[in-house]
Amino acid sequence: MLLYQEIVPDKRLANHILSYWKFEYHPEMAAGMPPKMLDHTVLPDGCVSLVFHYNQYVKQRFSVLFGPRMQNYNTQIYPGSVFVGVRFFPGVVDALFGISGAALRDQSIDASTICSNLNLGKLLECICKNFDQYELFDEELLPFITKFAGKPDERITRAVSLIVAANGNIKMADIAGKVHLSERQLQRIFREKVGLTPKEFARIRRIRTSLIKMVLENRDLQEVIHNAGYFDQAHFIRDFGAIAGTNPTLFKKYISQIDHRNISPPDAQR
Numbered sequence: 027m028l029l030y031q032e033i034v035p036d037k038r039l040a041n042h043i044l045s046y047w048k049f050e051y052h053p054e055m056a057a058g059m060p061p062k063m064l065d066h067t068v069l070p071d072g073c074v075s076l077v078f079h080y081n082q083y084v085k086q087r088f089s090v091l092f093g094p095r096m097q098n099y100n101t102q103i104y105p106g107s108v109f110v111g112v113r114f115f116p117g118v119v120d121a122l123f124g125i126s127g128a129a130l131r132d133q134s135i136d137a138s139t140i141c142s143n144l145n146l147g148k149l150l151e152c153i154c155k156n157f158d159q160y161e162l163f164d165e166e167l168l169p170f171i172t173k174f175a176g177k178p179d180e181r182i183t184r185a186v187s188l189i190v191a192a193n194g195n196i197k198m199a200d201i202a203g204k205v206h207l208s209e210r211q212l213q214r215i216f217r218e219k220v221g222l223t224p225k226e227f228a229r230i231r232r233i234r235t236s237l238i239k240m241v242l243e244n245r246d247l248q249e250v251i252h253n254a255g256y257f258d259q260a261h262f263i264r265d266f267g268a269i270a271g272t273n274p275t276l277f278k279k280y281i282s283q284i285d286h287r288n289i290s291p292p293d294a295q296r
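Residue 27 is where the sequence shown starts when you use our numbering, and the numbers rise one by one after that.
Hints were generated in silico from the structure; no laboratory data involved. Hints should not be assumed to be uniformly reliable.
Listed next, the in silico BS3-like pairs over lysine-lysine satisfying Cα-Cα at most 25 Å (straight line) [stated by the list, open to error]:
1. Lys204 with Lys225
2. Lys37 with Lys177
3. Lys197 with Lys173
4. Lys239 with Lys204
5. Lys155 with Lys173
6. Lys278 with Lys62
7. Lys37 with Lys85
8. Lys204 with Lys177
9. Lys62 with Lys85
10. Lys85 with Lys155
11. Lys239 with Lys279
12. Lys148 with Lys37
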């Protein structure tokens, strides 16, 4: 079984957390046969995630802060693995943990070195197969944010919201004008807070939106390309390949093996 699921957190967390998510890998294991490792590709989502991992066979538990990136992340996953993540709203990690998005770019860091005010051990201990106790995360994160969180830069959270609402198909000049910054200021501050430039984040949103429509909504490729604002198929495939590391057809074949549940529409994540 391959399962990916998104869960909506308590609405009081909406300014800081986009969603909780879970990924599980539980293949059928024949007696006497070695376990089959999964070669898994993670597409960038433009966010920082606090990720908890548990494996029922090797009894392994750990937590990492997984930073934003522009390219796919390839990893091998051991059978029996459960990953539960907290996907933070882009640009708020410095207000939560005192570290910029830029410092976390392309990084995967032991969460205990950064998230010391969170009871990571308590959250790790509750992760198990078929985990569904997300209220435990609400109960831990609500008082943490109330007590420790600073105020995110409203100009950047507004810019992020504009890009998400437009599915990445928006001009940088329009964003800068709406958040009352010059384009140069927007570029500098956005990159520091989010870990990506506004254009990079917009590219990720366009590809993510296209993938959801193509795979989960089974839309026609040409329709997807047109709605995403690409001039032609060649431009879309080049952009997709730069981020996913493969072409849309091959990635769709792989991702279709995963049971996706409760995936929020790309324009309704905030």
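Open item on the list: Could you work out which of the previously given hints the structure breaks and list their numbers from low to high?
Closed with: Those not satisfied are hints 3, 4, 5, 7.
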